[in-house]
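Peer 1: Each chain, letter by letter, is given below.
Number of protein chains: 4
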Amino acid sequence: MTNVMLSASNILNGFKLAGREFHPDSTVIDVDGIKIGDGSLVIMAGPCAVESRAQLLETAALIQASGAQFLRGGAFKPRTSPYSFQGLKHKGLQYLAEAREATGLKIITEVTEADLVDDVLACTDILQIGARNMQNFHLLQAVGRSDKPVMLKRGMSATIDEWLYAAEYILNEGNSRVILCERGIRTFEDYTRNTLDLSAVAAVKQLSHLPVIVDPSHSTGRWELVAAMSKASIAAGADGLIIEVHPDPMKARCDGPQSLNPDNYRNLMSDLLKLSAFIRTELH
Amino acid sequence: MTNVMLSASNILNGFKLAGREFHPDSTVIDVDGIKIGDGSLVIMAGPCAVESRAQLLETAALIQASGAQFLRGGAFKPRTSPYSFQGLKHKGLQYLAEAREATGLKIITEVTEADLVDDVLACTDILQIGARNMQNFHLLQAVGRSDKPVMLKRGMSATIDEWLYAAEYILNEGNSRVILCERGIRTFEDYTRNTLDLSAVAAVKQLSHLPVIVDPSHSTGRWELVAAMSKASIAAGADGLIIEVHPDPMKARCDGPQSLNPDNYRNLMSDLLKLSAFIRTELH
Amino acid sequence: MTNVMLSASNILNGFKLAGREFHPDSTVIDVDGIKIGDGSLVIMAGPCAVESRAQLLETAALIQASGAQFLRGGAFKPRTSPYSFQGLKHKGLQYLAEAREATGLKIITEVTEADLVDDVLACTDILQIGARNMQNFHLLQAVGRSDKPVMLKRGMSATIDEWLYAAEYILNEGNSRVILCERGIRTFEDYTRNTLDLSAVAAVKQLSHLPVIVDPSHSTGRWELVAAMSKASIAAGADGLIIEVHPDPMKARCDGPQSLNPDNYRNLMSDLLKLSAFIRTELH
Amino acid sequence: MTNVMLSASNILNGFKLAGREFHPDSTVIDVDGIKIGDGSLVIMAGPCAVESRAQLLETAALIQASGAQFLRGGAFKPRTSPYSFQGLKHKGLQYLAEAREATGLKIITEVTEADLVDDVLACTDILQIGARNMQNFHLLQAVGRSDKPVMLKRGMSATIDEWLYAAEYILNEGNSRVILCERGIRTFEDYTRNTLDLSAVAAVKQLSHLPVIVDPSHSTGRWELVAAMSKASIAAGADGLIIEVHPDPMKARCDGPQSLNPDNYRNLMSDLLKLSAFIRTELH
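Chains as they are written, first to last, in the working numbering: chain S, 1 to 284; chain C, 1 to 284; chain W, 1 to 284; chain P, 1 to 284.
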């Protein structure tokens with residue numbers, strides 16, 4: 001399709017590092033032996049926020065037993081209101097480190113400002129950049145100078161090229177281990193919290209060599225849609241998922257309505273592993 | 001989740017016929033022996049527009065050989081500009097009837113005004129209501145009085161409840177065979193023609209008992225994303241797909257960039273049948 | 001600005017009748033002596049729906065005393081739900097005709113289907129096409145064959161070029177008296193019912209020779225924003241306003257929250273007449 | 001309107017400092033004798049970016065002669081691509097200080113990271129927070145601890161309540177001199193760069209006591225729409241405007257297409273001063 005090609009190449013005008021033209025093979029990121037982007041399924045699961053030592057360790061045990069590779073959990077929580085719970089901060093990081101020690105799970109957690117990068121690095125295996133910070137270029141450059149992988153969430157109203165350019169900011173500082181994360185875009189539809197844009201996942205897998213993770217929890221804002229959207233993400237070509245799980249969603253300090261309870265999470269994991277293996281081995 | 005339930009029930013406030021509360025079992029629509037909504041996969045494929053007798057018959061043979069059940073093709077084409085090709089109209093209907101005769105495929109084609117319902121009914125098995133007409137209530141009522149199934153495309157900026165209320169207009173006239181079709185919503189993202197909203201598919205399967213079809217061609221506007229989005233749709237719970245295929249997309253009179261060529265279509269069909277069977281039999 | 005010119009000319013690619021290139025002077029529409037588009041201010045005011053003879057005649061008297069030229073009021077009301085009040089229909093048309101007789105006001109009312117055009121024509125001075133029907137091409141062609149002016153509301157998710165192409169459908173049938181109406185677009189912002197796009201008003205005044213009216217009531221959905229948006233519309237270059245007024249908004253059968261009460265309406269009218277005269281005479 | 005009141009009060013649930021309930025009188029911000037929010041018109045004008053000493057001083061002289069109170073100009077420019085011109089940085093700040101000295105104009109310029117707040121403070125009278133940083137809470141808190149006024153641009157996809165909560169972050173640190181700036185939201189309409197949301201200006205003037213400035217240049221992205229949108233902003237109730245002016249827009253290093261040339265700017269200023277005085281003295 002001549003015009004499609006033109007358009008794809010327009011969008012990449014200016015990329016040096018994120019585009020597939022410059023790096024035809026898909027990037028595989030190795031996190032101490034866990035591979036992201038090699039065709040296997042990566043699952044990052046855990047609570048929205050680290051709320052207490054007990055909550056985190058209980059969830060971590062559940063996550064580990066399920067076969068997931070990463071524990072997620074926010075220690076620094078950017079919140080719309082200054083009066084909302086902002087996370088346990090350094091105490092939360094400490095619990096994450098403890099959960100890693102206890103379970104062998106890898107950790108992914110968000111860093112919200114450049115001055116905290118070193119502290120967060122000490123307790124995590126992947127640094128997460130949240131949607132609100134996708135164009136916080138100072139922070140992107142700071143994590144671009146770190147030696148750990150970075151998962152970059154798409155901004156709520158970021159176009160695909162703005163998202164890839166944000167990745168370019170990190171890559172351009174020398175950190176080649178960037179993972180993209182689609183988490184829904186803001187549209188008029190308000191039945192869901194955001195609109196999960198799975199076409200963008202398929203598009204980015206063609207335009208870029210970087211791995212792509214999907215967040216079905218924040219995008220939908222409804223736990224009852226998470227299973228369907230997780231399967232759809234895998235079928236769309238995502239390299240993994242980041243899923244909110246809480247031992248007791250009704251008591252969660254944030255985002256309870258989008259968190260799976262342990263039973264639903266275990267059933268989903270079983271399906272996802274089977275589906276991923278089937279797609280990898282049986283389809284074109 | 002108490003608040004999720006509340007919200008789901010708010011959205012259904014006022015539905016009498018489209019909501020699952022009033023009809024807990026999924027509706028299965030029988031089109032002369034073809035079942036839509038029973039868990040099997042329904043494929044509707046064909047060109048955007050009926051362009052000529054030869055083009056339609058060639059495509060129909062391809063569609064039939066692939067294992068799809070329905071031939072799609074527009075005879076009446078609503079177009080942004082009055083100077084664009086508007087379809088072959090009654091001549092197009094005649095070719096569709098001929099293709100049905102030749103292949104045994106069922107037909108789905110769009111009806112754009114109430115006065116044409118009878119003419120279209122004579123040549124089709126399913127009446128399609130296009131996105132621009134989702135709230136053309138006069139037309140909805142007219143097809144609601146017909147005795148054939150109606151596939152109702154979601155409007156480009158319709159919320160889920162507006163979509164279900166549009167279905168309610170048809171159901172309320174006595175036609176209980178309504179199929180919903182998600183075809184992308186209009187957002188800021190312009191890499192794709194529209195943003196395919198697969199969360200809405202999962203949501204509508206919970207809120208309503210009506211079957212849901214996905215259009216990966218119009219939603220993405222790019223043939224190279226159609227395969228990924230077709231698989232994702234099935235994984236999200238869609239009952240079927242409506243896919244644009246053209247014997248020679250470069251020569252299509254409309255929507256060439258989103259049409260699969262025959263080879264890509266055949267490969268996709270093979271994957272979709274396997275994936276659907278796997279999901280139906282192996283997952284929760 | 002070379003690139004701006006290019007872009008403006010791209011958007012007009014394909015227009016024959018709606019574009020200013022083909023008709024450099026602004027079109028002035030004469031409705032039995034009332035001029036629309038000549039620099040003076042046109043006000044269309046009245047209730048969302050004709051609810052009763054008494055309600056309409058009371059409002060008409062108020063509108064006439066205020067100095068407005070047109071009475072608005074819906075007899076056929078397209079509604080999201082089939083179970084909502086759909087208007088008084090032919091009875092409503094009759095009351096509009098009676099109000100015209102009683103006050104000398106001109107009438108503007110919506111026509112929702114081609115088969116009703118003749119009936120509506122008998123009771124109105126301007127035919128209104130609602131936002132949901134902006135791309136109901138059959139209806140556009142029908143009003144394009146009538147001999148009365150047509151006000152075409154912008155669709156909720158219509159781009160500027162789609163809107164002008166819809167006008168082209170009417171013009172192309174021979175009716176040159178088309179008035180555009182901006183009524184808000186659908187966005188993520190939900191504090192207002194829609195987002196009033198006044199930049200589109202300024203853009204359309206440059207791209208097209210057709211007059212433009214603004215609807216501050218439907219766009220905001222909040223009566224307390226109507227005064228500010230009315231003044232802003234005039235300052236942006238609109239040729240007039242269509243405003244919802246109700247003798248008792250709390251008792252309105254639809255859209256009460258966006259209707260002005262008589263006192264607020266009278267104060268606003270006084271401001272608008274002064275502002276329009278000032279802008280016409282004192283500014284560049 | 002009972003339901004409107006309810007809704008307005010819902011949106012303010014949680015505000016302590018930004019809401020009008022807690023501070024009924026409009027806040028007037030005094031910047032060394034220049035008042036913002038007292039009903040007079042404040043104009044901030046200048047180039048998108050400080051490009052050179054000569055360019056800035058030439059523009060500053062023009063701005064001063066026009067009767068504007070503030071010179072705008074970016075020294076630190078957040079850009080989508082890491083390879084685009086990022087501003088003259090500290091050199092740019094120095095030129096701004098020099099222009100202030102030469103003309104007596106007040107300065108407004110953007111600060112993009114917490115570590116730069118002190119450097120920027122030394123050369124500016126108002127700190128600007130850009131749209132991309134509206135929810136960079138670390139930066140908001142840093143400027144909240146400074147002793148100079150802060151102009152907070154609305155994020156491209158921020159709702160009104162998210163915008164007011166971002167202001168709350170600054171206010172909550174003790175800096176009560178916060179100015180809001182509407183600069184367009186991201187929607188499907190792409191004729192304009194963004195969609196200027198003037199209803200939000202009127203809404204925020206009701207919900208909050210803080211002054212509101214409008215940016216007609218970034219919102220439209222087209223210089224030929226700036227005059228109309230500037231007038232509309234004043235009529236909508238804005239306390240001032242921030243306008244891009246460049247001595248030679250064709251040669252601008254960024255955002256040339258949205259910059260006024262000197263002649264157009266002077267004509268506009270003359271109109272705006274007259275319009276503002278008229279509205280203040282003659283209307284309700």
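Hints were generated in silico from the structure; no laboratory data involved.
Quick caveat: nothing in here was measured; it's all calculated off a predicted structure.
Please note: incorrect hints may appear among the correct ones.
Since the list gives no way to pick out one identical chain from another, each pair is judged satisfied if it fits inside one copy or across any two copies.
As the list claims (entries may be wrong) - The calculated SDA-like cross-link candidates involving lysine to any residue, where the alpha carbons are at most 25 Å apart (straight line), are:
1) Lys16 - Arg266
2) Lys148 - Asp115
3) Lys16 - Asp190
4) Lys251 - Leu273
5) Lys91 - Asp271
6) Lys16 - Pro78
Peer 1: Take the hints in turn and mark each one as holding or not.
Peer 2: Right, here's what the structure says about each hint:
1. With identical chains, the CA atoms of lysine 16 and arginine 266 are never at most 25 Å apart, being 41 Å at best within one copy and 36 Å at best between copies.
2. Taking the closest pair of Cα atoms, lysine 148 and aspartate 115 come within 25 Å of each other both inside a single copy (16 Å) and across two copies (23 Å).
3. For a Cα distance limit of 25 Å, the shortest separation of lysine 16 from aspartate 190 across copies, 22 Å, qualifies, whereas the shortest one inside one copy, 37 Å, does not.
4. In this homomeric assembly, lysine 251 and leucine 273 never come within 25 Å of each other (Cα to Cα): the closest approach is 29 Å inside a single copy and 42 Å across copies.
5. With identical chains, the CA atoms of lysine 91 and aspartate 271 are never at most 25 Å apart, being 35 Å at best within one copy and 49 Å at best between copies.
6. For the identical chains of this complex, lysine 16 and proline 78 are inter-copy neighbours only, at 19 Å across copies versus 31 Å inside a copy, given an alpha-carbon limit of 25 Å.
The earlier numbered hints that this structure contradicts are 1, 4 and 5.
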